[in-house]
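Given only the sequences and the hints, what does the whole structure look like? Please build it.
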Amino acid sequence: MSKAYSNKALPVGTVLREWRLEDVIGVGGFGIVYRGRGIYFDELVAIKEYFPSAISEREEDDTVVPVDSDAEEVHALGLKKFVEEAKLLWNLSTPSRPPNIVSVRSLFEIHGTAYMVMDFEDGQSLSKQLKDGKKFDEGTLSNVILPIAEGLERAHRVGVLHRDIKPANIIVREDGSAVLIDFGSARFESGDATSTKVTFHTPPYAAIEQYVKTYDQGPWTDIYALGVVLYECVTGEKPLEVLERMHGEDDTPLAQRDLPGYSQDFLKAIDAAMVIRPGDRPQSVARWLRLFSGAIEPNDDGEATRVAPMMDDPHEIQPVLPAPDPDPVPDAPEDATFKMDAGETRAGLYAQSDGATEESDGPSDAAADVPPADDSDPTQADLANAPNIDDMAGEALGSGPDRSDWKKKPALPWPTMPSPPAPPS
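When the letters of the sequence shown are read in order and numbered with the numbering used here, they come out as residues 13 to 437.
No lab work stands behind these hints, which were simulated from the structure alone.
Warning: the hint list may mix true and false statements.
[Claimed, not checked] Pair by pair, the computed Cβ-Cβ distance ranges are: (1) ASP134 / PRO23: 22 to 28 Å; (2) PRO265 / ASP54: 50 to 56 Å; (3) PHE132 / ASP262: 41 to 47 Å; (4) PRO272 / ALA298: 28 to 34 Å; (5) GLY306 / GLY260: 25 to 31 Å; (6) THR226 / THR247: 48 to 54 Å; (7) PRO107 / GLY188: 22 to 28 Å.
[What the hints assert, rightly or not] List of simulated lysine to any residue pairs, SDA-like, C-alpha gap at most 25 Å: (8) LYS20 / ASP35; (9) LYS250 / GLN141; (10) LYS20 / PRO78; (11) LYS147 / PRO251; (12) LYS143 / LEU271; (13) LYS225 / LYS140; (14) LYS140 / ARG185.
C-beta: ideal position from N, C-alpha, C; glycine also.
Written as structure tokens, this is what we have:
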């Protein structure tokens with residue numbers, strides 16, 4: 013059978029349930045995002061289709077199928093994770109929709125794949141604003157990041173972590189408000205919070221516990237990423253990756269720098285979020301937000317603002333380093349390795365695939381080819397790039413605990429990195 017639409021997006025005008033597709037707004041290694049409009053009610057939505065282009069193709073009847081038998085298991089597991097992501101976001105959207113987290117309206121499965129219908133968010137990513145050289149004052153950042161943090165606290169209360177907060181996943185609307193998108197790497201946390209066979213992180217926003225499995229991930233993991241985002245907005249530069257900071261590279265806290273226009277409380281709160289030791293960071297978003305107003309000191313209950321020095325034992329633990337580029341092609345689904353590069357999602361899956369997104373210039377009446385990936389700046393189109401098969405060797409995403417708060421874990425031995433070898437003489 014010939015495949016007229018193989019590796020192409022659905023054509024404009026296609027009807028999916030009660031939605032008609034108007035345009036392709038983003039494509040990536042794991043999906044396609046369309047702009048849709050209601051048939052019965054004139055409202056815009058974003059529709060995300062599970063379509064991992066490296067291992068899937070589209071038949072003439074629009075059915076999405078694995079490219080061969082070797083891809084069937086990975087394709088099925090990825091579809092399962094896509095559905096679980098939608099359920100997760102739906103749970104966060106009920107009984108009321110948080111204004112600062114992307115909301116899911118519905119989910120349906122047809123054509124051998126799944127479609128997630130979300131609110132259409134029209135705005136510019138924080139990543140794009142940073143690349144354009146935008147300068148941020150304290151008031152602007154407070155209006156953008158702090159409401160995002162408040163929405164994130166709602167997710168944390170039901171045990172959901174985002175785990176991939178970065179400027180590309182924050183959309184700033186025209187009215188200046190912001191929304192957090194792309195929960196493709198989120199998961200429910202349990203007591204075995206770090207038992208995953210998949211390494212998933214975006215330097216420099218990833219905290220040490222995303223490299224070293226000795227430490228549990230929790231709200232403090234997302235707080236670290238938010239701190240790095242604020243650091244980048246304040247200084248205009250990305251900080252060092254956490255593994256470099258462990259080696260004692262120059263890492264002067266913001267509160268000790270000359271940064272006119274920012275209060276000491278504001279800078280100390282950022283420093284507190286970026287402490288390397290997980291147990292020394294604020295353990296909840298609510299507590300972290302109190303630092304911004306000076307209601308508490310960052311060193312209360314042992315939560316320090318300074319970076320603690322490393323221990324001397326280089327054999328205590330070996331952190332997991334980011335995967336090399338190009339991404340490896342795994343022999344089996346449980347060996348899938350994800351690497352983040354320059355703030356964009358890259359995935360080494362059944363076959364090598366670049367997951368960056370490309371925004372279309374306008375609607376087309378013909379089927380849209382999935383274009384080669386590039387480094388274009390993401391908006392909601394970046395959702396096409398979410399690799400919804402994280403932890404595919406572990407338990408299902410949507411079966412986590414419903415708990416009201418997080419309890420601080422007992423302190424564990426502090427991991428260290430061995431010193432780099434001396435250069436040859």
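Taking the hints in turn, this is what the structure says about them:
1. For ASP134 paired with PRO23, a C-beta distance near 23 Å keeps the hint of 22 to 28 Å intact.
2. Between PRO265 and ASP54 the C-beta distance comes to about 51 Å, which sits within the given range of 50 to 56 Å.
3. At about 43 Å, the beta-carbon gap between PHE132 and ASP262 stays in the expected band of 41 to 47 Å.
4. As the Cβ distance of PRO272 to ALA298 is approximately 30 Å, the hint placing it in 28 to 34 Å holds.
5. Evaluation of the 25 to 31 Å hint for GLY306 and GLY260 yields a pass: the beta carbon distance comes to about 30 Å.
6. In this structure the hint that THR226 and THR247 lie 48 to 54 Å apart at CB is violated, the actual value being about 30 Å.
7. For the hinted restraint 22 to 28 Å between PRO107 and GLY188, the CB-CB distance of approximately 27 Å keeps it satisfied.
8. Between LYS20 and ASP35 the alpha-carbon distance is near 13 Å, which keeps this suggested pair within the 25 Å criterion.
9. Straight-line distance between C-alpha atoms of LYS250 and GLN141 comes to about 14 Å, which keeps the hinted pair within the 25 Å bound.
10. Restraint check for LYS20 and PRO78: satisfied, since their Cα atoms lie roughly 14 Å apart, inside the 25 Å limit.
11. A hinted pair counts as satisfied when its Cα atoms are at most 25 Å apart, and LYS147 with PRO251 qualifies at roughly 17 Å.
12. With a C-alpha separation of about 20 Å, the suggested pairing of LYS143 with LEU271 holds against the 25 Å cut-off.
13. A threshold of 25 Å between alpha carbons decides the hint, and for LYS225 with LYS140 the separation of about 32 Å lies outside it, so the pair is violated.
14. A hinted pair counts as satisfied when its Cα atoms are at most 25 Å apart, and LYS140 with ARG185 qualifies at roughly 13 Å.
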